[in-house]
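Enquirer: Please construct the entire structure, taking both the sequences and the accompanying hints into account.
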Amino acid sequence: MKNLFPFLLLIGISLNFLACEKPSEESTVEKSKFINTLDSSWTSDQGSITEYFYDFGELPDVQAEFFRYNPNLMNNYASYDAYYGLFGEDPPIMDYKTFPQHLVSMTSDDEAEFTERHDIDSLSQDSVIVPDSVLINSSKFKNLEALEWNLEAEPSLQRYKLVNSDWISADTMIYYSDMFDVKAYWAVVDTPFIDEGLMFVDTSEWNDTNYVFLADERIRFLTTFEFTKKQLSSDSLVFRNNTDCNDNGQWDDEETPIEDYNGDGLYTLLYEYDDLNNNGMYDAASDTVIHDYDGDGIISIAYEFIDSGNNVWDPEEPYHDANDNDEYDLSDPYQDRNCNEKWESEEAYVDTDGNGSYTTGEEFTDKGNGIYDGDEDFTLNYVDGDTVKELFVIGEKPDNLIVDWSDTDNPEVLLEVVLEDDITDRWGNIYTDIIEEVDFTDLKQQYVDDVDSLITLYTRETVGHISGSNLSPDDYYITKSEWTKTGGGVVERFYNYHIFHQPDHLNQVVYPSYFLPVGFYFNPDKIRDGFWHKSQLESEVLYYTADGVLRDGEHVDTAYYDTTEIAVYFIEKSYRVESSSVTVPAGNRESESTPAVDTTFTDCFKITNILTMTMVGSGVEYGQKTESWLAKGSGLVKSEIHIRWTEHPFDPDNTANGPPDENNEAWVGLNRIELKSLEVTDNGNVFRILAQPVQIIDLQDIGNSADFNYDPFRVSTQTGIQTIDLREMSE
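Under mature numbering (1 follows the signal peptide of the UniProt record, and there is no 0), the letters of the sequence shown match residues -19 to -1, 1 to 712, in that order.
Be aware that one or more of the hints could be misleading.
[To be verified] In silico BS3-like cross-links for lysine-lysine, where the CA-CA straight-line distance does not exceed 27 Å:
hint, residue 1, residue 2
1, 123, 606
2, 587, 613
3, 14, 613
4, 606, 78
5, 425, 210
[Unchecked claim] Simulated restraints on C-beta separations:
hint, residue 1, residue 2, range
6, 197, 74, 56 to 62 Å
7, 474, 172, 54 to 60 Å
8, 101, 484, 39 to 45 Å
9, 421, 474, 40 to 46 Å
Honestly, the hints are just simulated from the structure, not real lab data.
All C-beta atoms, glycine included, are put in the ideal place defined by N, C-alpha and C.
Expert: In structure tokens form, the structure reads like this:
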């Protein structure tokens, strides 16, 4: 990607800053415990912020180097000497610099100029032939491999389980070529242009946007897939519910009613006595008479209907002898052939020929099924052009036990049915391939867009947009920090921009960040997803001053509720200043092969910022403590960041952030920087002014400047010139 304009733009008109939302809950904060000394008179040490940080008005060009310690280095090496003594080399370096040389100022009146699109001939071409492809997938299906009777279930719930294969499918890739025009343009910014506020634009990085124009007709692709599938045959035997309740192989109408003796509206069998000894017959000596319903003078069972037989000798109903005891048990599955939901043994007969089995013509007892049978239900099928009443209905469950009657004297119960199994029913009907294989064709189509033209617009990266009115672009200053990390022999480069301005105090423009529920993120995978940023830049106080002056003993506490779309947070901030001295390895050294020399700064202020963010409801706290040392004439010379969490909301014993201190707070070191070298010249601005710049360059000359090293602005958490990245905890 070509980098034509390496500089920072500011698009600006007057604005008011968007402040954090502070709802009515703020009034509930107990302000009496907070301190604010800004309005107090002072006699102790003090100094101008421009002397101890950097002078906004003098426009110096700052080039500084810092030794940068990540959490691992910070917690294992208390000083530069400890690190150098072990490794014989300097800790990692962070560069910090300003950019006072080339600036471009925009206002809303500049819309036409900065949104104008210019052809990029080298990237434009007519009738480009572009190879492409489309993947078409077939429908998915499963093969029926077997039917298995589930003997583990309760008897009334037993049925066949359908044993299926894994999902089966296919796909094919169709290759084709599309022809369309390719056009490329560049502009400084895209439309719509801002109509108020300030917009920061990083012109060191191109951002490309593609606009695809499509033809009215889409391209259609067709393909067919050929499969062989195993499935239950259309006979669906396992889902059939038998309706041949007379078990004679033919349709019968209802049985003949006699009389509804007890007037209940049903035709049933009525016991005329209580069978107290359960022997199935009336015993005058022990059983109690209920009523002689049929009036025949005999106490027995009264039939309210004629329980017809089928004029056919019926063998016992086939069953599976689950416990191999050669007799039917109530838990054994059986084929209920006469619809009475109880197992029936064979009908009694006279064995005239003495062969031990029934022979056609021998006398037998033709019993009914003991229940009143209405007209038998049926399913109409068409066989050879004729309509046939099939004596079954299709049920919802595969609970019809399959029996093969090929050997009528020894019918076989099939607990498992596999591919190509055939059976014969009691009446000689043959059913082949209960599980069958069928060939089928799956026709699929897919449409893709027919590209007519492709337009690519290259614009500069937008850093952020601050809405409002009544703030001048002159107030904003931008600096940059840059550092590297080495892991696995690979050097990775990192950077961050830092935007400052100085209304009443020294403020920093940031994307405010918050932790997500439930908090307590130390695991790197959780940290990556555990924090979020607001979408708009906001100004936050970095260093409080009294009329631009730092004062020893200054103490400012603030607190408020911040209601966001994710959660409500109670934010507490504590700011303290104290006179101090500090020693850092910033002295002159003979060469890079010798260790850095310590330099002690005695005219120094130590500033401590403590942030406590509490999620309302869960009560989880995130703490962030930043200690910064500002030396007169040298700016920031040292800074340390520590973080902490409260106890885990679901595991109070979790102390992953270490033992607590005297304030019952367990802090973990996250980042430390110490000044290595500093060079300040007078030809620029420490915080690069974004409007009314030192030098205004024409658009055609912008591409000659590479100050920002072609780096886009990133949304990140930062304080001062330090970047806060909790993922470093795992390094």
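Enquirer: Next step is simple, just say for each hint if it's right about the structure.
Expert: Now for the hints, and whether the structure bears them out:
no. : hint                     : in the structure
1   : 123 with 606             : violated (60 Å)
2   : 587 with 613             : holds (12 Å)
3   : 14 with 613              : violated (33 Å)
4   : 606 with 78              : holds (25 Å)
5   : 425 with 210             : holds (18 Å)
6   : 197 with 74: 56 to 62 Å  : holds (59 Å)
7   : 474 with 172: 54 to 60 Å : violated (33 Å)
8   : 101 with 484: 39 to 45 Å : holds (42 Å)
9   : 421 with 474: 40 to 46 Å : violated (58 Å)
When each numbered hint is compared with the structure, violations occur for hints 1, 3, 7, 9.
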